[in-house]
Amino acid sequence: MHMRTHYRFSNLLLYMLAALIASACLLPFWMVVASSLTSEDSLIRHGYTLWPRQFSATAYHYIIAAGRIIRGYRISFAITIIGTFLSLLCTTALAYAALSRKWWWTRHISFFVLVTILFNGGMVPWYLVCTKILFLQDTLWALIIPYLVNPWFFFLARNYFKTLPEALMESARIDGATDMTIFTRIMLPMAVPMLAALGLFIALNYWNDWWLSLMLVEKDYLLPIQLLLRRMESNMTMLYQLASIPGMSNAQRPPAYGVRMATVVLTVGPIVFLYPFLQRFFITGITVGSIKG
Amino acid sequence: MQYAQYNDQSRLSMARFYNSLRAQSWLIVLGVPGLLFFLFFAYLPMAGLIIAFQDFNHARHVFDGPFVGLANFRFLHSPDFSQAVFNTIFLNTCFIVTGLVCQVGLALLLNEIRLRWFRRVTQSTTLLPYFISWVVVAMMARGLFASAPTPGLLVQFQKLLGQVPISWYTRGSLWVSILIFANIWKWIGYGSVIYLAAIVGIDPELYEAARVDGASRWQRIRYITIPMLKPTISILTLLAVGRIFYGDFLMIYGMVGDNGLLLPRTDVIDTYVYRALRIYGDIGMASAAGLLQAVMGFGTIICANLFIRRIHPDGALF
Numbered sequence: 006m007h008m009r010t011h012y013r014f015s016n017l018l019l020y021m022l023a024a025l026i027a028s029a030c031l032l033p034f035w036m037v038v039a040s041s042l043t044s045e046d047s048l049i050r051h052g053y054t055l056w057p058r059q060f061s062a063t064a065y066h067y068i069i070a071a072g073r074i075i076r077g078y079r080i081s082f083a084i085t086i087i088g089t090f091l092s093l094l095c096t097t098a099l100a101y102a103a104l105s106r107k108w109w110w111t112r113h114i115s116f117f118v119l120v121t122i123l124f125n126g127g128m129v130p131w132y133l134v135c136t137k138i139l140f141l142q143d144t145l146w147a148l149i150i151p152y153l154v155n156p157w158f159f160f161l162a163r164n165y166f167k168t169l170p171e172a173l174m175e176s177a178r179i180d181g182a183t184d185m186t187i188f189t190r191i192m193l194p195m196a197v198p199m200l201a202a203l204g205l206f207i208a209l210n211y212w213n214d215w216w217l218s219l220m221l222v223e224k225d226y227l228l229p230i231q232l233l234l235r236r237m238e239s240n241m242t243m244l245y246q247l248a249s250i251p252g253m254s255n256a257q258r259p260p261a262y263g264v265r266m267a268t269v270v271l272t273v274g275p276i277v278f279l280y281p282f283l284q285r286f287f288i289t290g291i292t293v294g295s296i297k298g
Numbered sequence: 146m147q148y149a150q151y152n153d154q155s156r157l158s159m160a161r162f163y164n165s166l167r168a169q170s171w172l173i174v175l176g177v178p179g180l181l182f183f184l185f186f187a188y189l190p191m192a193g194l195i196i197a198f199q200d201f202n203h204a205r206h207v208f209d210g211p212f213v214g215l216a217n218f219r220f221l222h223s224p225d226f227s228q229a230v231f232n233t234i235f236l237n238t239c240f241i242v243t244g245l246v247c248q249v250g251l252a253l254l255l256n257e258i259r260l261r262w263f264r265r266v267t268q269s270t271t272l273l274p275y276f277i278s279w280v281v282v283a284m285m286a287r288g289l290f291a292s293a294p295t296p297g298l299l300v301q302f303q304k305l306l307g308q309v310p311i312s313w314y315t316r317g318s319l320w321v322s323i324l325i326f327a328n329i330w331k332w333i334g335y336g337s338v339i340y341l342a343a344i345v346g347i348d349p350e351l352y353e354a355a356r357v358d359g360a361s362r363w364q365r366i367r368y369i370t371i372p373m374l375k376p377t378i379s380i381l382t383l384l385a386v387g388r389i390f391y392g393d394f395l396m397i398y399g400m401v402g403d404n405g406l407l408l409p410r411t412d413v414i415d416t417y418v419y420r421a422l423r424i425y426g427d428i429g430m431a432s433a434a435g436l437l438q439a440v441m442g443f444g445t446i447i448c449a450n451l452f453i454r455r456i457h458p459d460g461a462l463f
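Those sequence lines, one after another, are chains A and B.
What the first sequence shows, in the numbering used here, is residues 6 to 298, in sequence order.
What the second sequence shows, in the numbering used here, is residues 146 to 463, in sequence order.
It is possible that some hints are incorrect.
With the C-beta cut set under 7 Å, the calculated list includes, among others, these residues of chain B facing chain A [what the hints assert, rightly or not]:
1) 181
2) 182
3) 193
4) 254
5) 277
6) 284
7) 288
8) 296
9) 298
10) 422
11) 426
12) 428
13) 432
I should point out that these hints are in silico values taken from the structure, not numbers from a laboratory.
No experiment lies behind these values; they were computed from the predicted model shown.
Here a beta-carbon is modelled for each residue, glycine too, at the ideal position from N, C-alpha and C.
The task is simple: from the sequences and hints, build the whole structure.
Structure below.
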């Protein structure tokens, strides 16, 4: 009996600890939502809160009416959708090609990609290639192309393709199917779980990216919402610019701190919203991708 | 007679060549985008490493520039760079150690939780920070640590207790703890998913045998779970150590930004190179630092991989 209560007590402790850790992970999210719905006055005087002292949705009103932040939102959506689609295509296509042992060049693709993990040229040559050779600066493609094929994702796709039955491909080939037919009609449909997980990771990469726009884009109409958020955080004037409603007098300043929090909510919103539905894919993706290395 | 034979031979080999080209035409279509990608974004920049040894000027072409040998490497003497290198290694080491302890700890904790729904909810919530970008985390950090004009939660809490609140954004020494804590917060869910998956793979008979022998929960963890986790821990740790010279630019620059007061303790090689490139326009120095980082990184990754091969051959990259 004594063992039992001790066991139950330590069990309770463990549950409480788990609940504590989970709350600590959730707390910042909660704070951000609550602060975004607090009036600017209350924010400045009392600070960030876990429950709005003075409820006010003005920040959101400013964001929607001002439009510049919404534009950033649209850019983020565009690059995520286009980027994920193209990236999945290019990555899986290369992974399929890498499996062919028949031709001299396909046999060395994996090594070719592996080297890029081990060694790189650094920030400067990459920047010079993007701007001086590919002329990507200030284009929408600057935010999409540099992330098209991630070597880790390439290996993930290649390893998954390897587990698909070779005999199936062989018999299709004997029946006269071309590589493209095998790839599109057999491999891709069979790889849907992997594609789902991979697609989610790629989409997450594109959505959260602010590196590409930081380095390659100056035009403010091409900036994704992450970079807008970054500029808002470091630069108050930028914030006023982004949130000011056109045609409004300069005397009426937008609620800066509320707007920042509201933009965070908008940025994180889609992820948190889709999260319960997609969580399973992410977890399988993480375990498969990482244990295999 | 001999000329006729030569023509037949060459025609045959040309025909063979075109036939093979046709046979692999779709493969070429499939493979070329990816290969071009790596050619431009990975291999061409490698060739650009030569800039580190040149006096680069935007107007000139890359290979025109005067060769100045090691002149660009002057920055190696600067205390700022040594500080950046130290910070990179120090911060990364802290991240690896604390991350490992917390992630394995959470995985062990989750493994002991019997209620399925509770475990799933905890796993979901702890995984959530993984999905947001560091810019968002930086905003959240302000919500906790900012002093003025809008006091963050921690600052309010301290005021409530009657203390003089700490000024987090002006004291660099505190930022090491903030960064470590932020890193733990962000990766604890992700890492625990991996370790938990490894734990679930442990043969339950071992636990049964231990239970029969009267082992307590903690003894089971110490003598079964943790030893069985050693391969996974080793691989992940070694992979992380292989990247010890690469600072997490997005994290550091996202959280610290251009705050000069925090630079001495939070500047890493990547932010140093970024500043040299974008703010000072010192291309030569930035390239030289980048080259150094790539070479050191290459060395450590190779060594780390050789280690992994000895412990757990499946986990190595090559």
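Against the structure, the hints come out as follows:
no.	hint	verdict
1	181	violated, 9 Å
2	182	holds, 5 Å
3	193	holds, 3 Å
4	254	holds, 6 Å
5	277	holds, 5 Å
6	284	holds, 5 Å
7	288	holds, 4 Å
8	296	holds, 3 Å
9	298	holds, 6 Å
10	422	holds, 6 Å
11	426	violated, 11 Å
12	428	holds, 6 Å
13	432	holds, 4 Å
Hints 1 and 11 from the earlier list are contradicted by this structure; the remaining hints agree with it.
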